[in-house]
Amino acid sequence: MTDQTSATPVVTALDAATPRPRWQVILIRPETMTLILLVLAFVVSSLLSPYFLDINYILQSFTLTAEFSIVALVMTMIIIAGEIDLSPAANMALSACLFAWTFQATGSMPLALVVGIGAGVLMGVFNGLLVIGLQLPSIIVTIGTLTLYRGIAQIIAGDESIRLPEYFIGFNTWLIAGIPAPDLLFVVLSIGLGLVLGTTIYGRQIYQTGTNEIAAQHAGIRTRRLKMGLFITMGFVSAIAGIITASRLGSVRYDLGLGGELQMVLMAMLGGTYIFGGRGSILGTFLAAWLLSVISTGMTTANLLPATQLCVLGVLLIISIIATNFIYSRTQR
Amino acid sequence: MKKSLILGLALGLTFATGAFAADPLKIVYVGKNTGNPYFDSITGGFQDACKQLGCDFLFVAPATAEATSQIPIIEAQIQRGVNVIAIAPNSPDALDQVLDEARAKKILVLTVNGDIVGNETHRDANILPVDFTKTGPDQVELMGSMIGYKGEIAILSATTEAPDQNTWIAAMKDSLANNPKYKDMKLDTIVYGDDQPEKSTTEMEALLSNYPNLVGVISPTTVGVAAAAQVIQQRGIADKVHLTGLGLPSEMRDFIKDGTVKAFQLWSPYNEGWLAAYFADGVSKGTIKNEVGQKFDVPNLGTITIGDKNVMNTQAELTTFDASNIDKFNF
Chain D
1 MTDQTSATPV VTALDAATPR PRWQVILIRP ETMTLILLVL AFVVSSLLSP
51 YFLDINYILQ SFTLTAEFSI VALVMTMIII AGEIDLSPAA NMALSACLFA
101 WTFQATGSMP LALVVGIGAG VLMGVFNGLL VIGLQLPSII VTIGTLTLYR
151 GIAQIIAGDE SIRLPEYFIG FNTWLIAGIP APDLLFVVLS IGLGLVLGTT
201 IYGRQIYQTG TNEIAAQHAG IRTRRLKMGL FITMGFVSAI AGIITASRLG
251 SVRYDLGLGG ELQMVLMAML GGTYIFGGRG SILGTFLAAW LLSVISTGMT
301 TANLLPATQL CVLGVLLIIS IIATNFIYSR TQR
Chain R
1001 MKKSLILGLA LGLTFATGAF AADPLKIVYV GKNTGNPYFD SITGGFQDAC
1051 KQLGCDFLFV APATAEATSQ IPIIEAQIQR GVNVIAIAPN SPDALDQVLD
1101 EARAKKILVL TVNGDIVGNE THRDANILPV DFTKTGPDQV ELMGSMIGYK
1151 GEIAILSATT EAPDQNTWIA AMKDSLANNP KYKDMKLDTI VYGDDQPEKS
1201 TTEMEALLSN YPNLVGVISP TTVGVAAAAQ VIQQRGIADK VHLTGLGLPS
1251 EMRDFIKDGT VKAFQLWSPY NEGWLAAYFA DGVSKGTIKN EVGQKFDVPN
1301 LGTITIGDKN VMNTQAELTT FDASNIDKFN F
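If you read the sequences in order, they're chains D and R. In this text, residue positions in the first sequence follow our numbering: the first is 1, and each later residue adds one. In this text, residue positions in the second sequence follow our numbering: the first is 1001, and each later residue adds one.
Only chain R is shown next, with the shape it has when bound in the complex (with noise of 0.2 Å):
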């Protein structure tokens, strides 16, 4: 009886939400939880791009990363009526359904910085830093540079489902068990911050109890490897235990200037977000076709591909930050 009251003082007022004449291009990037530093730089290049092209922006995130926490967010920006769902998934596949819901009302969806693996059918296209098939492997290289390839080594990733950290740590033990090259190096255990600032320093300072003759850690997320350098510049063992991993600048200067972290790398996340609305921009005033084998020129990027897949890549390769070109760097 109440719900029915309800329903009714909502169905009557259900006129409300019309049909809105969207004049600038809405566009919605959806982060994988809030807090992330990173996620600032990529909505940096999406709010100057917009800026130049004259659509809206906005950035949302839930909360956690956790592998359904996004699904409420995507089901109200469709319901907001925007015109183009960018998204870093937190999950390969639970997003799914309510990605299909949207490219069925005509938006536009991209994943930015993180793919749905195996399920690209349910987005439009997929934009991505560098080429991430190579970004496990020079990982692997920069760590056994750094530790004269040899000696035990651990991983610290984010969550156990986050797709990206999934697929460069799969290329790394492919790397180690297949390359002679790595042959000496052994890699004892992956474990996982949930990309956490204190879980993820929880589980750096269980890895250096738990393994005494660690002389490596990768940590291919930002979070983790600003914790783990954090855990390395307290403990003072940092001639001990070598960190490399994806980084920012800004969070990692300080532990490249006194020398807790030799060198870290990443690419540009700003880039990202401005190909993105670009690419968007372009996609929807129809003078970019989104299809394989395209090619059209972005301001400040040249020419981008739209490769198999429908991917992008706003660099060709990994950027190694060390203490001779930190300074340069500013996101």
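Chain D with its partners taken away, still in its complex shape (with noise of 0.2 Å):
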């Protein structure tokens, strides 16, 4: 009661935050922490193997995990509007085994095309209609899709492997203005994702979905709708991938892109992307894919012991998390 006289009138310059510096809205990132990172893993890799800085060897190290990174850019996109797909690891397997099944049965690769990306945007579909349809949590929906699609390729192709044609394998070894196509793919799914994202309003949408979903519905935008999308891009995207890993191993195998999932999810994470949703960018995924492939390749060509490999990425993660918390509270209104 006695407050209600007092406070009315002290909202003063004292009590209103004042406006960060520009260019510390600019600097204080956790994407400038990724390419930071980057730099140093650079230097480091550099400074570890005489044999590392080779632009070509540099790029040709980074198909290796081209296929992951691009499922990484559309992970980023689900973990923003607040969901997680961990299923996309299993869906590039069974996508490319179903494609490689196709194509041994009727010998048509334009039909076993449709058939393995087909299969990819069902798995999308199926991953959709659980989360939202049923209102399950995706986090679990998509635990048992990831081991219901790798069991379902491991029936399909058994123990075996599959074989492509000649003509089908080197999506890798490709060379377009010398980068490997995968690389180049990847650049031009970065810019046109992190378009979309950053200037669209479907973009902002997909913030304000992750950021708050009831807020969000209440200001008209259709976050079911706008989820289902995003979950069926995620199977699309992952059965080209999958198809493009079939491509550079020249064979399928159930086990095909075993534990991706992981890192998709630490390339979002490394970039930068709030594990609760309504933060993160392309950009930083896109660092972060850099970063991943630039350090394994620094460690593997300096013939450093994989055990110590896995201690640095996992005190990698560690500081990124640590870095891409401390710098959204700092930075929250």
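Simulated from the structure, these hints should not be mistaken for lab results. From the three backbone atoms N, C-alpha and C, an ideal C-beta is built for every residue, glycine too. The reader is advised that the hints may include incorrect statements.
[Unchecked claim] Where chain D lies over chain R, by a calculated footprint (3+ residues, C-beta under 8 Å): (1) 1057-1071; (2) 1092-1099.
[To be verified] One side only, chain R facing chain D, incomplete, derived with CB under 8 Å: (3) GLU1075; (4) GLN1079; (5) GLY1081; (6) THR1160; (7) GLU1161; (8) LYS1295.
Hey, can you piece these two chains together into the complex? The hints should help.
In structure tokens:
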């Protein structure tokens, strides 16, 4: 009661937060940390081994993780929208298995591609229906479908590998202006999705949905449709990534891309995407994908022990989580 | 934008990796995975031979024996400019493309202690300890002699895609089905411990609970047989369940001495490294022609013949280790 009289007039310059200087807004971002780590990784890798700093080698090495990186871009959007999808690596395996199996059975490459990619989309739809239609938590649903999709892949392919025709093998060795095709695809997709997320209304809606879904719904955003779209896109992109992997390896097994989902989440986290949604960027994931590739290539080229490599990756992830949380809590209005 | 910056930086420094004139022959051996003592022995053979021959030797391996885990390592070795890549392949076909890339750069590619079955054209030569087609039947015979050729048995293998184990298991199945001597032996199941001690132990324990009538287990992998022996020793069931397989004398010595395991088999992994290094050295110097039917002499091993599909063996048949001879071997 007494407060009412005193509280109203005291909203002065003392209480109002001063706007952060522009340089802070631009520089103090999780992506900056990723960029610094990336530069650091280049420097350290070059010091570790004289064989590392060769642009063709670095680009070629990136093709080994380009497939996961491509999927990680869509993963970033899903996490920003407040969900997660852990099934894409299994989706890659099942799409690739169905693709190879169809080709083996019919000998028709176009048909095989349609079946493989179609299956990927259907898997995305299935995830979406469970998460959005039945209102189940996406982390549980997609752990379930992760196991299911990989299981079906093993039923189809068994313990054998399915060979692919010579002309289909080696997408990673196609060079376009000196850049391996998967790398280029990743760059183009990053720019495209970066623009969608950063400049379009649809992109803003993804952020709003992840920040507060109820508020977003009240603001007229069709969050369910939006999320469904993301899950389907994820299925589509995973299938493409699976087929690219098949082309790189020359054969398909049920264990294709095993454990890839963790790498994708790792890329999103290292790039500063906030695990609880609402924050993150394609640029961050783009940088993080290169960071991971450079680090593991650098350490492998220097013949570091796998145990050392795992420790470095673990420490890196923890640093990035701490930094991301710190930066977000400081910049929270 | 950021990327072009990085690329520019990298481009500017590319000169750092010019062509290096490699004086000593650089040999690298890519193992299946780290923490697998079997490879220490092969590595020992390479190292000792390289001391004699004056070559540089290095052992590298991925953390897991998963099918594609060796690809980044091979890429890195190509970039490092090694002359010889010897590898124990984790997959019969996932490595084809990267091995071709190595061979296109004039690197001699040898599969050592395993082969890429069905894709032999993607490597230059293969070094195996023994004729692997006899390994399966030999193991079945040893198992049979332990259980009186009667009863239910199971196989504890490495990974589902391990090419050698799969070759041996196929031959074991063939022997069991077609040789009347083994008509009373029944193969219940095959389980996979992925060459990890913990998983192998779990699989072995599951076998014992799922198949109470089991009288024998064959584990044709050193990690598996050691883990299985541990389980049998702990449960004290050595007189009920007989174990054999392919094991390292150093790991199996205690189990032989206390009677947990009566006999197991193997070859000398050390000699594989030794032969591979001498072969690589000879081929690079031009003293050995890598052609089927060629013969050459290797110290301690005698005359080696390059067989069909460029396969070489270090010894004629498996060595059986039991209480009478186990102390003579220290690898």
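Hints, one by one, checked against the model:
{"no.": "1", "hint": "1057-1071", "in the structure": "holds (count 9)"}
{"no.": "2", "hint": "1092-1099", "in the structure": "holds (count 5)"}
{"no.": "3", "hint": "GLU1075", "in the structure": "holds, 6 Å"}
{"no.": "4", "hint": "GLN1079", "in the structure": "holds, 5 Å"}
{"no.": "5", "hint": "GLY1081", "in the structure": "holds, 7 Å"}
{"no.": "6", "hint": "THR1160", "in the structure": "holds, 5 Å"}
{"no.": "7", "hint": "GLU1161", "in the structure": "holds, 6 Å"}
{"no.": "8", "hint": "LYS1295", "in the structure": "violated, 35 Å"}
Hint 8 from the list above is the single one not met by this structure.
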